[in-house]
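Trainee: Protein chains in written order, with numbering that gives the first Met the number 0: chain A, 0 to 198; chain B, 0 to 83.
Keep in mind the hints are simulated off the structure, nothing from the lab.
All C-beta atoms, glycine included, are put in the ideal place defined by N, C-alpha and C.
Some hints here could point you the wrong way.
Unchecked claim - Residues from chain B shown here face chain A by an in silico Cβ test under 8 Å; the list is partial:
1. MET7
2. ASN11
3. LEU22
4. ASP25
5. THR59
6. PRO77
7. TRP78
Said to hold, decoys possible - Footprint (simulated), chain B over chain A, 3 or more residues, beta carbon under 8 Å:
8. 10-16
9. 68-77
10. 184-195
As the list claims (entries may be wrong) - With a Cα cut of at most 30 Å, we get these calculated DSSO-like pairs of lysine-lysine:
11. LYS94/A <-> LYS80/A
12. LYS4/B <-> LYS68/B
13. LYS19/A <-> LYS5/A
14. LYS68/B <-> LYS54/A
15. LYS5/A <-> LYS1/B
16. LYS54/A <-> LYS121/A
17. LYS80/A <-> LYS4/B
18. LYS53/B <-> LYS68/B
19. LYS137/A <-> LYS94/A
20. LYS1/B <-> LYS53/B
21. LYS51/A <-> LYS137/A
22. LYS5/A <-> LYS68/B
23. LYS80/A <-> LYS32/B
24. LYS5/A <-> LYS43/B
25. LYS19/A <-> LYS80/A
26. LYS5/A <-> LYS4/B
27. LYS51/A <-> LYS43/B
28. LYS43/B <-> LYS54/A
29. LYS32/B <-> LYS51/A
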Amino acid sequence: MWIYEKRLQYPVNITQTNAKLAQVIISQFGGPDGELAASQRYLSQRYTMPDKVAKGLLTDIGSEELNHMEIVCAIIYQLTKNLSIEEIKASGFDKYYVDHTTALWPQAAGGVPFNACQFQSKGDAITDLTEDLAAEQKARTTYDNILRLIDDPEICDPIRFLRAREIVHFQRFGEALRHIQESLDSNNFYAFNPEFDRP
Amino acid sequence: MKDRKQLMHEINVASFTVDEAVLFLDTHPDDSKAMAYYQEWSQKRRDLVRTYEKQFGPLTNDSVADTDKFSWLDEPWPWEGGNC
Numbered sequence: 000m001w002i003y004e005k006r007l008q009y010p011v012n013i014t015q016t017n018a019k020l021a022q023v024i025i026s027q028f029g030g031p032d033g034e035l036a037a038s039q040r041y042l043s044q045r046y047t048m049p050d051k052v053a054k055g056l057l058t059d060i061g062s063e064e065l066n067h068m069e070i071v072c073a074i075i076y077q078l079t080k081n082l083s084i085e086e087i088k089a090s091g092f093d094k095y096y097v098d099h100t101t102a103l104w105p106q107a108a109g110g111v112p113f114n115a116c117q118f119q120s121k122g123d124a125i126t127d128l129t130e131d132l133a134a135e136q137k138a139r140t141t142y143d144n145i146l147r148l149i150d151d152p153e154i155c156d157p158i159r160f161l162r163a164r165e166i167v168h169f170q171r172f173g174e175a176l177r178h179i180q181e182s183l184d185s186n187n188f189y190a191f192n193p194e195f196d197r198p
Numbered sequence: 000m001k002d003r004k005q006l007m008h009e010i011n012v013a014s015f016t017v018d019e020a021v022l023f024l025d026t027h028p029d030d031s032k033a034m035a036y037y038q039e040w041s042q043k044r045r046d047l048v049r050t051y052e053k054q055f056g057p058l059t060n061d062s063v064a065d066t067d068k069f070s071w072l073d074e075p076w077p078w079e080g081g082n083c
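All chains, full assembly: derive it from the sequences and hints.
Mentor: Shown next as structure tokens:
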């Protein structure tokens with residue numbers, strides 16, 4: 000179960016709205032390498048994960064991704080607060096606004112809605128942890144791309160925090176993968192699937 | 000007495016330190032130095048949260064102290080710039 004704590008993992012205090020940037024940053028809410036996909040990827044994979052290190056890590060990182068999703072949503076909420084119709088039209092936010100007003104809805108920057116096919120839960124420990132490593136790098140690249148588009152320090156600051164977390168998670172998933180491989184036959188890691196076969 | 004912003008900042012620092020220690024310990028469960036660091040900071044975090052809640056209101060919905068009013072709803076939500 001989860002307990003909600005009434006604070007953000009990293010503070011967000013944006014004083015200048017910017018609907019154009021909100022449309023880009025929303026990709027880290029519902030896009031292919033976003034925080035919603037990240038949380039559901041890890042929290043779905045953990046049930047059948049056979050190794051206690053990986054099971055704990057998927058639970059703890061999966062939970063942290065929910066915090067990150069809340070940070071991204073807070074950024075978008077504050078960037079689109081009290082927009083005028085003129086600003087909505089001028090920024091191109093009108094296409095989002097017509098369906099969602101200024102509410103949060105998970106989609107990619109290109110307008111593609113969130114879809115569970117953006118992540119896998121494969122039921123094979125090596126496959127899933129390799130996917131998790133790739134996911135952290137893809138999210139890091141996305142944050143790098145976002146940072147090239149922004150110069151407002153109020154937005155850059157929490158984005159830099161999120162980017163740094165991707166690197167730490169990558170390191171930890173790498174350690175978990177190594178831990179699992181150490182328990183397998185080093186001549187053939189793929190002789191059986193430790194998540195399904197009973198050798 | 001610390002002001003609200005300062006206290007929340009200290010909670011954020013302590014909480015993040017605990018988050019980091021937890022992920023490290025997940026993959027290094029036998030590291031005694033990391034374990035001592037985790038214990039030190041999780042105790043600090045608990046003390047800070049207790050101090051904050053006594054002065055400024057609940058951070059979780061099971062820690063509403065008031066007997067006459069459900070103050071969980073009173074303070075702004077974090078995305079509204081509250082508790083930042």
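Trainee: For every hint, state whether the structure bears it out.
Mentor: Comparing the hints with the structure gives:
{"no.": "1", "hint": "MET7", "result": "7 Å, holds"}
{"no.": "2", "hint": "ASN11", "result": "7 Å, holds"}
{"no.": "3", "hint": "LEU22", "result": "5 Å, holds"}
{"no.": "4", "hint": "ASP25", "result": "4 Å, holds"}
{"no.": "5", "hint": "THR59", "result": "6 Å, holds"}
{"no.": "6", "hint": "PRO77", "result": "5 Å, holds"}
{"no.": "7", "hint": "TRP78", "result": "4 Å, holds"}
{"no.": "8", "hint": "10-16", "result": "holds (count 3)"}
{"no.": "9", "hint": "68-77", "result": "holds (count 5)"}
{"no.": "10", "hint": "184-195", "result": "violated (count 0)"}
{"no.": "11", "hint": "LYS94/A <-> LYS80/A", "result": "17 Å, holds"}
{"no.": "12", "hint": "LYS4/B <-> LYS68/B", "result": "24 Å, holds"}
{"no.": "13", "hint": "LYS19/A <-> LYS5/A", "result": "28 Å, holds"}
{"no.": "14", "hint": "LYS68/B <-> LYS54/A", "result": "40 Å, violated"}
{"no.": "15", "hint": "LYS5/A <-> LYS1/B", "result": "19 Å, holds"}
{"no.": "16", "hint": "LYS54/A <-> LYS121/A", "result": "15 Å, holds"}
{"no.": "17", "hint": "LYS80/A <-> LYS4/B", "result": "23 Å, holds"}
{"no.": "18", "hint": "LYS53/B <-> LYS68/B", "result": "15 Å, holds"}
{"no.": "19", "hint": "LYS137/A <-> LYS94/A", "result": "27 Å, holds"}
{"no.": "20", "hint": "LYS1/B <-> LYS53/B", "result": "12 Å, holds"}
{"no.": "21", "hint": "LYS51/A <-> LYS137/A", "result": "26 Å, holds"}
{"no.": "22", "hint": "LYS5/A <-> LYS68/B", "result": "18 Å, holds"}
{"no.": "23", "hint": "LYS80/A <-> LYS32/B", "result": "46 Å, violated"}
{"no.": "24", "hint": "LYS5/A <-> LYS43/B", "result": "18 Å, holds"}
{"no.": "25", "hint": "LYS19/A <-> LYS80/A", "result": "13 Å, holds"}
{"no.": "26", "hint": "LYS5/A <-> LYS4/B", "result": "14 Å, holds"}
{"no.": "27", "hint": "LYS51/A <-> LYS43/B", "result": "28 Å, holds"}
{"no.": "28", "hint": "LYS43/B <-> LYS54/A", "result": "27 Å, holds"}
{"no.": "29", "hint": "LYS32/B <-> LYS51/A", "result": "21 Å, holds"}
Figure legend: structure checked against the earlier numbered hints; hints not met, in rising order: 10, 14, 23.
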